[in-house]
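K.L.:
In order, the protein sequence lines correspond to chains S and P. One rule links them: number in the working numbering = place in the first sequence (from 1) + 107. One rule links them: number in the working numbering = place in the second sequence (from 1) + 8.
Treat the hints with care, since some could be wrong.
As the list claims (entries may be wrong) - Derived lysine-lysine pairs resembling DSSO-like cross-links, with alpha carbons at most 27 angstroms apart:
1. P:K67 / S:K222
2. P:K67 / P:K140
3. S:K187 / P:K67
Unchecked claim - Residues from chain P that keep clear of chain S, each with C-beta distances beyond 12 angstroms, as calculated:
4. F24
5. G35
6. T62
7. K67
8. L69
9. T72
10. A79
11. V84
12. R96
13. I134
14. D135
15. L143
16. L219
17. S223
18. M226
19. F230
Treat the hints as calculated values from the structure; they're not laboratory data. All values derive from a computational prediction rather than experimental measurement. Here a beta-carbon is modelled for each residue, glycine too, at the ideal position from N, C-alpha and C.
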Amino acid sequence: MTPPADTESPGYDLHDLFKVYNRRTVLAVPELSLAARRVHALLGPNGAGKTTLLNILAFLSIPTTGNLRFFGRKVSFVEKELRVLRREAVMVEQHPILFTTTVYKNLEFGLKIRKIPRSRRVALIGESLELVGMERFMDAPAHRLSGGETQRVALARALVLRPRVLLCDEPTSSVDVENQAIISNILRQINAEQRITVIFTTHDRAQAADLAHQTLLLDHGRLVPARFDNIFSSVITRDENGRAHCAIHPRITLKMASVSAETAALRNPRIFIDPRRIEPRRNPDDHPAVNQFQGRVRRALAANGAVRLVVDCGVSLTITLSRQSYREHRILVGDILHFSIPPAAIEPLNSGA
Amino acid sequence: MDILMDSLVSALVLVFTLDAELTAIVGVSLKVSLSSTLVAGCVGVPLGFAIAFTDFKGKPLAITVLNTLLALPTVVIGLFVYAFISRRGIFGPWDLLYTTKAIIIGQVILIIPVVTALTIAAISRIDERYRKTALTLGANGLQTAWIIFREARFGIVAAVIAAFGRVISEVGISMMLGGNIKGFTRTMTTAMALEYDKGAFTLAVALGLVLLGLSFGMNSLFHFFQGRTRV
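Okay, chain S solo, but in the shape it has when bound (with noise of 0.2 angstroms):
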């Protein structure tokens, strides 16, 4: 039950693998590796192939074609070897669903199932639930309690079996603000104590931020690497200059130091601003080469050393300042900040790549 010593190999390494669906490729992995006894977010929009990378990290489907490696162990997808990997890799779904009975007895199916002596039992349902709070409830029809409760106690039921890897499928999308915190606490700790490898799928760029230690963004069932904030569907025109612009937002239109043709004739090209390259302006600049905006600023964090602003200026982008930026522009969360976006910011993704 104790997850052995495998902090040098990797939890997962993908190679190839593919996932059709009726024809059509919804997932298309062509290298990805994920460190052990780490938090990893898979953030992406609906559709993006989050929870179909995540049923085939939990051993709950298979992939057309590829190859995957646990802890080192190749993994050949035949259902007897599937089942042993299951018990080290578990999944609490986004909208979980507990058993018509006790929140005691639905922790206690996994135990039983390993066959764990019922003394043993007794013990780690008691710490399980008492990990995520719900220690009142042991007793009580799993059926009676809330979505957040619910979200809990399948965290604790997924827990008490002690995996390798937890794997949560939007873990706080469908609960309340006190119950999302918790989970997240949850999540945090049990990697930090108890060193479980934690994979979790998410929209909130900032959760992201916050809990994992790696973010990767999929896009239409593939990998777009490192950028995860500040990707917007765009329309982009040219002036009379033969200058590129892109909308953004009906009132946001930004410069862009340049387009290929091919981004250009695309109907909707995905484009990516930089946060880093995002300056804080203490008053309106008034240089014409400049994109010049302002908006309000929604959520300061701290992460990777930096600061994150996620301000709302018709569209929530993200600024990523140092520490330093930070206390001297003295920004607090729901000032008017006024920022500028120089052209170079600005890059076409090819999601396709």
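Add chain P to chain S, keeping to what the hints say.
P.N.:
For chain P alone, coordinates are given in the frame of chain S:
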């Protein structure tokens, strides 16, 4: 109207004094119906579970055939079984005709489709996430099936109760295969038909009251379990 009222009063007396003939007939009915329900449950529940739980070619056709068999008339089954167990039939030497066993065989054929179709419906209503949850918690195929079965248990019990309700009130099979022999194969429904033919309503009304009471009890149980599936 006077005949009905007089019969009703006399019938109530028979019921409350636990008349020997009445209790014997009710006893035969219950014995036959419970036996056929038990056998049909043992066959229909696993069959329905297997059809609902597994994917195979021709599954929609199998379900359509089962649904068609729900409307099978009792007299058709009576005739069909008679052809097999009468003296000239292939099971003639077993001397089954005009025994309670013959009624049970016919009733089992009548309600296996009922139990199977309602079990399929009960299993199909179970959320797919139960299967996925059981798998991710490490369950094998059998353990996953058990979880699905447990979640569908009230619906399955309701299916069995519905089947019992069907056989306790059927008359065609009991009459054709049982022969309505007093003290042996006379069931509530065949006795009622006979009493009606004789123009003696008292026992018929008394049996009708018992049958109604049983039907009410069965329906109450059925709705109780149906309701539990929706919790």
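K.L.:
In terms of Cβ atoms, is chain S entirely out of 12 angstroms range of A79 of chain P?
P.N.:
33 angstroms, holds
K.L.:
Is the claim that K67 of chain P lies outside the interface with chain S correct, judged by CB distances over 12 angstroms?
P.N.:
20 angstroms, holds
K.L.:
Grab the minimum beta-carbon distance between L143 of chain P and chain S and tell me whether it stays above 12 angstroms.
P.N.:
Contrary to the label, L143 of chain P does not stay out of reach of chain S, its closest Cβ about 6 angstroms off (not over 12 angstroms).
K.L.:
Just double-check M226 of chain P for me: nearest Cβ-Cβ distance to chain S has to come out over 12 angstroms.
P.N.:
Answer for M226 of chain P: holds, closest chain S Cβ roughly 24 angstroms.
K.L.:
Checking the smallest CB distance to chain S, is T72 of chain P really beyond 12 angstroms?
P.N.:
Its Cβ never comes within 12 angstroms of chain S, the nearest being 25 angstroms, so this holds.
K.L.:
Does the claim that F24 of chain P lies off the interface hold, with its Cβ farther than 12 angstroms from every Cβ of chain S?
P.N.:
42 angstroms, holds
K.L.:
G35 of chain P clear of chain S by more than 12 angstroms, beta carbon to beta carbon?
P.N.:
37 angstroms, holds
K.L.:
For a C-alpha distance cap of 27 angstroms, please report whether K187 of chain S and K67 of chain P respect it.
P.N.:
With Cα atoms ~26 angstroms apart, K187 of chain S and K67 of chain P stay inside 27 angstroms; holds.
K.L.:
Keeping to a limit of 27 angstroms between CA atoms, is the pair of K67 of chain P and K222 of chain S held or broken?
P.N.:
Judged against 27 angstroms, a Cα distance of about 36 angstroms means the pair is violated.
K.L.:
Confirm or reject the statement that R96 of chain P sits farther than 12 angstroms, beta carbon to beta carbon, from all of chain S.
P.N.:
About 52 angstroms separates R96 of chain P from the closest Cβ of chain S, which puts it past 12 angstroms; holds.
K.L.:
Per the stated criterion, does the least C-beta distance between L219 of chain P and chain S lie above 12 angstroms, as a non-interface residue requires?
P.N.:
34 angstroms, holds
K.L.:
Run the C-beta distances from I134 of chain P to all of chain S and say if the shortest one exceeds 12 angstroms.
P.N.:
10 angstroms, violated
Hint violations for this structure: numbers 1, 13, 14 and 15, all remaining hints satisfied.
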